[in-house]
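Asker: The chain contents come next:
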Amino acid sequence: MKIPRISTQTLVVLERFIERPASWRYGYELSRETGLKSGTLYPILMRLAKFSLLETKWVTTEDGVPPRHTYRLTAKGAELARAQQATSPSAAHAAARRRPAFSRGKA
Amino acid sequence: MPADWPRALAILLLRFGIWIAPHDTLDWGHGMLSELNHVEGNWSALIWAFGGAGVLAKHAMLALVLPGSHRRTASSASELFAKEIPMRKPALAVIASCVVASLLFFLAPVFRQAFRVSLAQWHEVLHVDRWLADTETGPELDALAKKAEQNRDPEGLAFVANRHPNQTQRARFADEAVHLDPNLTWIYGVAGIAYLSPSEIDRRISLLKQWEPEDALPHLLAADKIGVRVTYSKEFPQGKLEENPAWEKEMSAAFQSPKLDTYRDRQKQLDQRVLSRYRIDDPFQATASEDWYGFPSYGIWGCSRYAQLLLESGQTLESRGDRKAASEKYWEVAHFGQMMGDGAGITFFMRENMKDAYGRLGALSQMEGNNAAAAFYTSLADQFDKAVDKRRLLLDNRIQGSDVSHWNAFLVRLSGLVMLFCTALLLLCGLGVVIRNRSLKLGSLHPSRATLALGFSAAVGSLLSSAILFVSYRPYAELLQRSLSKGDDTQLFELSAFLRDTQLPIGSQFNLGPGSWYVGSSRVVFYFWLALTILCALAFLIAVLRHFHHRTRANATI
Chain A
1 MKIPRISTQT LVVLERFIER PASWRYGYEL SRETGLKSGT LYPILMRLAK FSLLETKWVT
61 TEDGVPPRHT YRLTAKGAEL ARAQQATSPS AAHAAARRRP AFSRGKA
Chain B
108 MPADWPRALA ILLLRFGIWI APHDTLDWGH GMLSELNHVE GNWSALIWAF GGAGVLAKHA
168 MLALVLPGSH RRTASSASEL FAKEIPMRKP ALAVIASCVV ASLLFFLAPV FRQAFRVSLA
228 QWHEVLHVDR WLADTETGPE LDALAKKAEQ NRDPEGLAFV ANRHPNQTQR ARFADEAVHL
288 DPNLTWIYGV AGIAYLSPSE IDRRISLLKQ WEPEDALPHL LAADKIGVRV TYSKEFPQGK
348 LEENPAWEKE MSAAFQSPKL DTYRDRQKQL DQRVLSRYRI DDPFQATASE DWYGFPSYGI
408 WGCSRYAQLL LESGQTLESR GDRKAASEKY WEVAHFGQMM GDGAGITFFM RENMKDAYGR
468 LGALSQMEGN NAAAAFYTSL ADQFDKAVDK RRLLLDNRIQ GSDVSHWNAF LVRLSGLVML
528 FCTALLLLCG LGVVIRNRSL KLGSLHPSRA TLALGFSAAV GSLLSSAILF VSYRPYAELL
588 QRSLSKGDDT QLFELSAFLR DTQLPIGSQF NLGPGSWYVG SSRVVFYFWL ALTILCALAF
648 LIAVLRHFHH RTRANATI
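As they're listed, the protein sequences go chains A and B. Each residue of the first sequence is one higher than the one before, counting from 1 in my numbering. Each residue of the second sequence is one higher than the one before, counting from 108 in my numbering.
Keep in mind that the hints were calculated from the coordinates and are not lab data. Take these hints with a grain of salt, some might be off.
[What the hints assert, rightly or not] With beta-carbon atoms standing in for the labels, derived distance ranges:
(1) A:Lys57 / B:Gly148: 25 to 33 Å
(2) A:Thr74 / B:Phe655: 25 to 33 Å
(3) B:Ala200 / A:Ala86: 26 to 34 Å
(4) B:Leu648 / A:Arg5: 23 to 31 Å
(5) A:Arg5 / B:Met168: 22 to 30 Å
(6) A:Lys76 / B:Met168: 24 to 32 Å
(7) B:Phe655 / A:Ala86: 31 to 39 Å
(8) B:Leu639 / A:Ala86: 51 to 59 Å
(9) A:Glu55 / B:Leu639: 41 to 49 Å
(10) B:Leu637 / A:Glu55: 33 to 41 Å
(11) B:Lys548 / A:Ala86: 57 to 65 Å
(12) A:Asp63 / B:Phe123: 53 to 61 Å
For every residue, glycine included, the Cβ atom is placed at its ideal position computed from N, Cα and C.
Sequences and hints are given; from them, build the entire structure.
Answerer: Rendered as structure tokens:
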């Protein structure tokens with residue numbers, strides 16, 4: 001599938017992923033780090049997954065707590081993120097200026 | 108209220124979002140829901156849920172518009188969240204129950220009547236030139252006219268003559284009725300005269316005068332005919348009606364007549380007999396004569412004008428010293444005003460003339476030293492003054508109806524509209540499911556959750572609006588029944604005002620008193636057709652999108 005154009009918010013998300021490419025990340029954790037609200041973040045994650053740039057997995061963290069949906073870039077996704085980071089570094093600055101979506105909370 | 112209600116609401120919101128979401132987004136929905144456990148702060152949780160539910164709702168709507176874009180996939184979430192209760196069957200059961208309950212309402216004759224009344228507003232929307240065309244009768248009146256002609260029923264024909272919108276037909280039915288039963292000659296005083304040729308009008312007035320020589324009404328009709336000619340014909344200079352001897356002669360004869368019968372009571376009794384004989388329960392037909400005062404259009408205006416002439420001539424005679432002749436002129440006005448009050452109940456329109464007449468009679472009695480008579484006439488003039496406000500209130504109430512009637516008419520129109528909308532939505536959902544599954548077998552129909560949610564809302568809306576329609580109309584059905592079975596028409600004006608309101612398209616209102624607003628029905632009709640055109644354009648756009656959506660969007664943005 002041909003990779004479409006990438007929006008600024010998607011770049012911010014990709015940058016967060018590329019910081020720790022091997023780690024599985026939670027939705028709420030990403031929301032806090034990027035400052036994106038759930039209504040913006042999830043459509044980005046869904047589209048990344050649709051283009052096979054992101055893989056998802058359900059993990060059980062502790063007993064009695066419902067399993068959580070986690071996300072990680074695929075090899076193709078990581079390659080694209082690095083390429084984008086090299087060509088448009090401004091996204092990182094934009095992300096740094098962004099206000100967190102939620103001021104409190106644990107991830 | 109518990110402090111964590113925003114979180115509880117957030118969970119509900121996301122669960123609903125998951126319920127309507129297409130299959131390939133279920134994992135994401137459950138993912139958002141599980142993250143909710145880790146969002147700290149109740150309000151933050153609610154904001155999180157709003158965003159998530161919005162995303163899921165958007166996908167649900169897209170799946171409805173572009174069904175192929177969200178294919179059923181094996182869901183890992185379905186394994187992890189196996190405890191989720193399947194909602195399809197209960198939802199279908201509720202939809203079916205609501206539809207059946209809504210249909211059961213139609214078994215009640217009162218509800219069928221209410222539903223017909225709620226549809227009256229569409230006449231204005233769908234027949235924009237109704238008032239100009241002036242030829243439509245409605246199926247019930249057409250059927251009655253045919254039956255009355257076949258049975259040679261004079262009362263049935265007189266009933267139709269009084270309601271037919273076409274003036275030529277009115278005159279024809281009135282002639283037939285009088286031909287079959289000369290006792291119905293009074294129908295000429297009510298219907299079948301206006302807009303005919305002068306010779307035809309004269310013939311009918313002459314018959315009416317022969318039939319009831321003591322009545323003032325035939326003279327008023329004759330004066331009315333002259334008034335129309337003088338006002339609209341170029342052969343008479345404007346504003347010289349008072350100088351027309353023929354008009355003055357007829358008005359004089361009317362004022363000197365011993366009685367004034369506008370045939371209103373006869374007409375009501377005839378209406379009642381015909382409505383029960385032909386088993387017509389149409390409230391519009393039952394109240395068709397309610398707004399009729401029994402006077403020709405120029406009658407009230409002409410009476411007031413002639414009374415003013417009499418008062419002026421009385422004053423002239425008074426100034427010449429002929430008090431007796433002046434007194435007779437004033438008495439003529441007072442006598443006719445009293446007849447109007449007894450017969451037609453519209454003395455209100457001649458109140459100033461009558462007050463003047465009693466005042467002048469009182470002054471004349473004073474001059475002649477008859478203090479008792481002077482006090483009596485003065486008290487009559489004062490009473491008249493005091494009664495004005497009360498009469499005005501009664502008249503306003505009669506013409507405009509009460510606020511309760513306005514609100515009930517609004518509820519009837521709104522519930523009728525919601526019923527139609529919900530029915531259309533239900534049919535669209537059903538049609539969509541059949542087309543999508545390409546089958547008519549119930550077992551093989553699998554509505555999506557978004558379709559179920561829409562169908563569920565439409566079915567519940569239909570049931571609720573049916574109940575509201577029934578409850579809002581019920582009191583007026585009682586008024587109608589009381590009028591038809593017992594002849595009690597004391598509150599019929601309330602039904603009449605209510606029905607007048609129900610004929611206006613929703614969104615348009617006449618003056619309801621202080622703080623009310625006015626929107627012309629023609630503007631509402633315009634907005635209705637505009638909205639319909641926009642909806643059709645949207646539907647066309649969706650059809651085009653569905654046709655082309657399979658093409659790869661190479662230039663899309665992640």
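Asker: For which of the previously enumerated hints does the structure constitute a violation, in increasing order of number?
Answerer: Violated: hints 3, 10, 12.
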